[in-house]
Amino acid sequence: MSSTTTTEVPRSDPAADLRARRVHLLRKHVPTGLLLLLAFIWLIPVWWMFSLSLTPNELLQLNTQILLPPQVTLDNFVSVIQVGLSGRWFLNSLIVASSTTLLTLIVSAMAGYAFARLKFPGKKILFPVVIAGLMVPQEVMFIPLFLIFEQFGLHNTHPGLFLPRVGIPLGVFIMTTFFAAIPREIEEAAEVDGASKWRIFRQIMLPMAGPALTALAIFTFVLTWNDYLWPLVSATEREMFTITTGLASLQGNFAQATELGALMARGVLASVPLLVMFVIFQRQLIRGISLGSGGK
Amino acid sequence: MSVVRDGEGDQATMHVQSGVAAPKKAKAARTPDPTRFSPTDLGAWGFLLPFLAAYALFMLYPVGQALVMGFFDWDFLDITRRQWAGWDNYRRMFWGTEMTWSVDHLVVLRVIGLALLIPLARSWRKGSLPRASIATLAIMLVAIFGVILGIHPGEGGRWFDSQFWLSFGNTLLFVAMSTPAIVGTGLALALALNRPSRLTGLLRAMFFAPYVLSVAVMTLIWAFMLNPSLGLVGLVGDWFGATPINLLNSSTWAMSAIVLATLWWTVGFNLVLFLAGLQDIDVQQYEAASLDGANAWQKFRHVTVPGLRRTIRLVVVLQVIYSFQIFGQVFIMTRGGPDGATRVLIQHIFERGFRDFELGYASAMSVFLFIVIILVSVVQFMFLGGEEDEA
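Chains A and B supply the protein sequences, listed in that same order.
If you use numbering that gives the first Met the number 0, the first sequence corresponds to residues 0 to 295, in order.
If you use numbering that gives the first Met the number 0, the second sequence corresponds to residues 0 to 390, in order.
Only chain B is shown next, with the shape it has when bound in the complex (with noise of 0.2 Å):
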């Protein structure tokens, strides 16, 4: 600043000297002097006020609201019930009547659940992850699988909303579905487009272009696809000499039929991440990896998955919160049913909020999404992440 104070007649070479000789010095100059800028950057805020009044009013502001409102009964039509209800919402969530626990309530899911312990206590011995977050994780899934889950209404109890555990363990049942198979289909796309062609530009565009339609558009197809009489899925099931039925109407499909249509719609979106994490791995390391010998599987070990393990992790924290929000698809396709096999705790939070106007107790549930999808998020990228150091 004090260069143009002295004399705009140097200004000419002042433009050689900051394009040629300067950056060494400027460099040196910039760093310890938080004052340089000082007087033009207040102007800064005006920069971001625009964007800080919208962040405020419309994501901090209803974030820390709804933290609030799950603690009040908020009726939205009748004003004289908003009050103070305490942790109510959560004990109509998460308790019944006659509540007891025994061992073998949803024992397979906790076995699952607790056999995780087996890789945590692997990477223990190895050290690969701090041993803090072993051990927290390690206690939460020995609270959840283990005693938590265990927890369940006795004889003649029931749980004050069963709807909500009926909806969040469909959602978790479209998450553990559609993450391995969305990631999967996703990253063998990509590893089959990563050649130089000159059509993969055009097979990207073909396998991601329906990603682009919207959640409307999509069911609008896939209801009609997947019907037997009207849609293409039908004919080829005739060629077959299946059986045709619809699948959306099958409590045993419906959820598969969800996972396929939305698979078709969104896998493009994981194509293009991993395509770009493809594109960054270095071809000479195939080239040494040639060398040495390796086979297509041991250069897909060895080189490729070391390489995209970020490009993984990414893809995967990012699908596994998409996944848990899901809504529209089977909002649209089968309203949650047939027999709620596909009602999952979006739709419950919008039909307690919107039809019911209980907002206090939609709020609590989608607090508790919310939390669910930061724990699991956090320990993701502490597991995934963990791996990449070692390697």
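The following block holds chain A by itself, in its conformation from the complex (with noise of 0.2 Å):
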């Protein structure tokens, strides 16, 4: 289209023409290519440790500089699985991630409706202190928390790990704001016809609820996974480390170096069930980040 187009043109135009498309052209693509450029250059340190994890570990003794696997083998992933503790800590994982994700959505979503729809004494006074329990670091709590699940003898197992979480009033906040957007002609209808409110909740308001709990269910899963310092005083065998735990006590010893491509390994391990659940979920993700900020 452009070329015939030009070339129908006077002579003396053709170069002005051809200035001002490209000037237009640039403007729009330019910076948009510079971005993509960015975005890649962003992304190299995770390419890089797929690629080292997928490189022989002799050939990493002799460079460790480069973008692509020179010869691309999975004996590093192999060895991981096989040799140490990185599948139990993996599974340790998925477990504390899942149990939390899970107990968080029941408490969460229950307490929210109670919050943004049922009238009871003392509601004015217990939603402030529920909420001001978000501005709490963990860092202020953890060192009764620890004495509280030393005293259960909950150290160094799963409900030690995943129970502390459920007690976060992030999931609480984001679902009593979405109950509370939603309209009340919709459960009128129900209340008339007689229904108790916990049918209601459950067969009409959880159907609705569907988008703030995938949003809320990504957003703890992910926070959950990658928590270091609970599980770091509370789960102190090694059987018991988290991937996150596990992976960070493997760190800082440079005789790991020579096992760069294992070590590479255990970090995609650690990555993946989050980088595909991003990949899938992404706008729940973001969605979700959006609601626990308090903004839009």
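Simulated from the structure, these hints should not be mistaken for lab results.
Keep in mind that the hints are not guaranteed to be accurate.
[What the hints assert, rightly or not] If you anchor each label on the Cβ, the simulated ranges turn out as follows:
#1 A:153 to B:354: 17 to 23 Å
#2 A:152 to B:45: 27 to 33 Å
#3 B:121 to A:127: 50 to 56 Å
#4 B:305 to A:271: 18 to 24 Å
#5 A:193 to B:279: 47 to 53 Å
#6 A:19 to B:371: 56 to 62 Å
#7 A:149 to B:334: 23 to 29 Å
#8 A:46 to B:375: 33 to 39 Å
Where is the CB? At the ideal position from N, CA and C, for every residue including glycine.
Two chains, two frames, a set of hints: combine them into the complex.
Dropping the structure here:
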């Protein structure tokens, strides 16, 4: 198209015309192109981790400053799964993150519904008290929490790892905001039918809360999977490490540099579930962040 | 409720009514009559109980307990060493021997702090903030920067816990470095991405992706990336003829390297919030500004910034809170080294508590950190919020 127009226009113009077009195209595409380039550079470190994890360890002794594996192997992954505790840590993380997510969803949806819809004495005091909990950093509570779990003998157990996060009010905040925005008319019809609050919650409100629940689930799963301080304090036996604390325990030790491929394979193992979830549920995760931060 | 009792047969008509004609009436009836829900709503506690139990046990109680433990000498292993200690833990944090006060101690920091009085004075004159809060803030500034920070151990004296000051100072340094860097980069990226393009979603996802990695993966990547002989950063440095040094081993550069790695890791979070904020700004405002002949900078200054004020405040406050909680990155990558150059407060709390088992002292320090975070957040809300009213 562009070539035909330029040939038909008189001699003096095509240069100017081309230049104008070029300027226009440059203006339109150069910023996007530059951003895309920057975004690819941004992801090089992650790419590098994947590349090294697929490179034979012997070759990494010679050179690690590579973007593509000179020779692809899965040996690093095989050795990680066969030797050491990484498989166990991965499983621990899976159990802990899933349990936390499930419990948080149930508990937050119920409480969120009560705060958004039900009237009960003390609500005006209780809700601010709960929301104030959003301000409290984990670091303030972890010493007393450590003592509580010590008393119940729950250290180095899965419940010891997943229970504390259930008390974090972020989910309640998200669900309350969500339920409060649903038009009342929908439940009023059911109320007229004499449905109990529990039935209204289960059969009307919960099915509508799908998007908010998904966002909350993804967000909780990611945060729990990546949690560092509490598992570091609570799970001190190597068998009970999560993949996050386990992987951390292998670092800072330069003997590991000789097994860089296997170390990077562990990093990949620790990231893949989250990266897969991220690719699938990107929108929900990002929405969860906006909701959870009090943005829109 | 009474409608139901009146007759089941009327249900169908009620559905229609509630959908069409009733809303006005229902609204009027709902507010003044608190008993309307009461019979079934006692069940509200059933809905709340699971969460409240967890909240009380794993949140309220620990916070209260931390406050209490701060006043105890609480040895984890030796139960006989658990006794009331009064303010001893706090004395150990803040005090030393041969204490004295001098004008020139930490003079640069204190002058900067006191310089904050100038913008305060300006808003006092403009009346853009409640004067009571300005006065409170001014008194706090004078007390902290004018007086308190001038106190230090004199000749032959020493802090009871100089590591506390070192690590708290490093935490503050990290907050001061990371907040402008990460918020600024997030805003810049958001502005660049905020255009109608099919690629926006993809680009946002690409910049956000590192955020889902765990801290251990992030440190794994960056500890080796920054290694001069193994990592790609060293390679890039070679191209520019830089002498290869390990930034993480240099007490001058280690903190900057950590800030950089953290920026890469978390900037996506701010980017997402900024993009959401930008999308709430009415496009017509930009069009109106264009008609008035505003250039790009003027549009940014007079449309974008005012429209983003709420988001900016939110992002800054959240970023400061997160930055104060820095721990994992440094603990895994440098263990606080070299020579304590990256040792942060939570590492100090963690080691005092779980290596030395001094849980009372560790609690006192965590309470101190909490109070600092709350104070700083409140001040930011007042400051950044006041300008919003003005706009």
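Going through the hints against the structure:
1. A:153 to B:354: 17 to 23 Å: holds, 22 Å
2. A:152 to B:45: 27 to 33 Å: Given range 27 to 33 Å: holds, Cβ gap about 30 Å.
3. B:121 to A:127: 50 to 56 Å: violated, 34 Å
4. B:305 to A:271: 18 to 24 Å: Since residue 305 of chain B and residue 271 of chain A have Cβ atoms about 43 Å apart, the given range 18 to 24 Å is violated.
5. A:193 to B:279: 47 to 53 Å: 42 Å Cβ-Cβ, so the 47 to 53 Å window is violated.
6. A:19 to B:371: 56 to 62 Å: holds, 58 Å
7. A:149 to B:334: 23 to 29 Å: holds, 26 Å
8. A:46 to B:375: 33 to 39 Å: holds, 37 Å
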